[in-house]
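Enquirer: One letter stands for each residue in the lines below.
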Amino acid sequence: GAVVSQHPSRVICKSGTSVKIECRSLDFQATTMFWYRQFPKQSLMLMATSNEGSKATYEQGVEKDKFLINHASLTLSTLTVTSAHPEDSSFYICSARKDRANEQYFGPGTRLTVT
Amino acid sequence: QQQVKQSPQSLIVQKGGIPIINCAYENTAFDYFPWYQQFPGKGPALLIAIRPDVSEKKEGRFTISFNKSAKQFSLHIMDSQPGDSATYFCAANQAGTALIFGKGTTLSVSS
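Chains as they are written, first to last, in the numbering used here: chain A, 1 to 115; chain B, 1001 to 1111.
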């Protein structure tokens, strides 16, 4: 149990376009979902926390107008990278949590390449 | 973000060896300490986790040692295999908050 999926697994887009990444909890209801970003050979950096039905909370230094997060249901959160630029190229990983537990279940990640 | 400091950055051991990865934390409110394994291009996978009411936990070849007074915890991999070659991350949080990750340790197990 506690499976999280992400779609797409990889995406290539042109500079200036927007890209949407979906994160789904497949077998549980996720009251909270998290979005992390990982550059090559680096750790996971928390970008934002989203609770179902409310606005996401962004970490310091993360542009909320650039990284739009929507958590419309207990099984789906989306991250939209708006007006993407090459520096946004990264590995984006979501995770989901049940209630206020400690455990987070991670998705397989989405590789974004902006050309 | 509260920090979780991880060392070493990289580690090379021979097959059968016992690599040890260490982490230290600052926030005494943390009450959950997991270790994740990540292969290139994949998401992190939970290996084992411990809570501060125990000093050691074993699952298969993986053992966590926890020292609450020193605010440190470590991962030991017994009888390491080439298939264990991956990046390992420690993390910590308190219930209701996001996991904070260490910087990671790249482990290479030679055959």
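Bear in mind the hints are in silico, worked out from the structure with no lab data behind them.
Predicted model, so just to flag it, every value in this text is computed and none were measured.
The beta carbon of each residue, even a glycine, is placed where N, CA and C say it ideally should be.
Watch out, some of these pointers could steer you wrong.
25 angstroms max Cα-Cα, derived SDA-like pairs, lysine to any residue [unchecked claim]:
no.	chain 1	residue 1	chain 2	residue 2
1	B	1005	A	45
2	B	1015	B	1071
3	B	1103	A	13
According to the in silico footprint, chain A covers these stretches of chain B (three or more CB under 8 angstroms from chain A) [to be verified]:
no.	stretch
4	1060-1070
5	1090-1104
Enquirer: Take a quick look at whether residue 1103(B) and residue 13(A) sit within 25 angstroms of each other, Cα to Cα.
Expert: violated, 29 angstroms
Enquirer: Can you take a look at whether the stretch 1090-1104 of chain B is actually covered by chain A? Rule is 3+ residues, C-beta closer than 8 angstroms.
Expert: The restraint on the stretch 1090-1104 of chain B holds, since 11 of its residues have a Cβ under 8 angstroms from chain A and three suffice.
Enquirer: Under the criterion that the straight-line Cα-Cα distance not exceed 25 angstroms, is the pair residue 1015(B), residue 1071(B) satisfied?
Expert: The hint is violated at about 30 angstroms.
Enquirer: Take a quick look at whether residue 1005(B) and residue 45(A) sit within 25 angstroms of each other, Cα to Cα.
Expert: Cα-Cα ~14 angstroms, so holds.
Enquirer: Report holds or violated for chain A covering the stretch 1060-1070 of chain B, Cβ cut-off 8 angstroms, minimum 3 residues.
Expert: violated (count 0)
Of the numbered hints listed earlier, those contradicted by the structure are 2, 3, 4.
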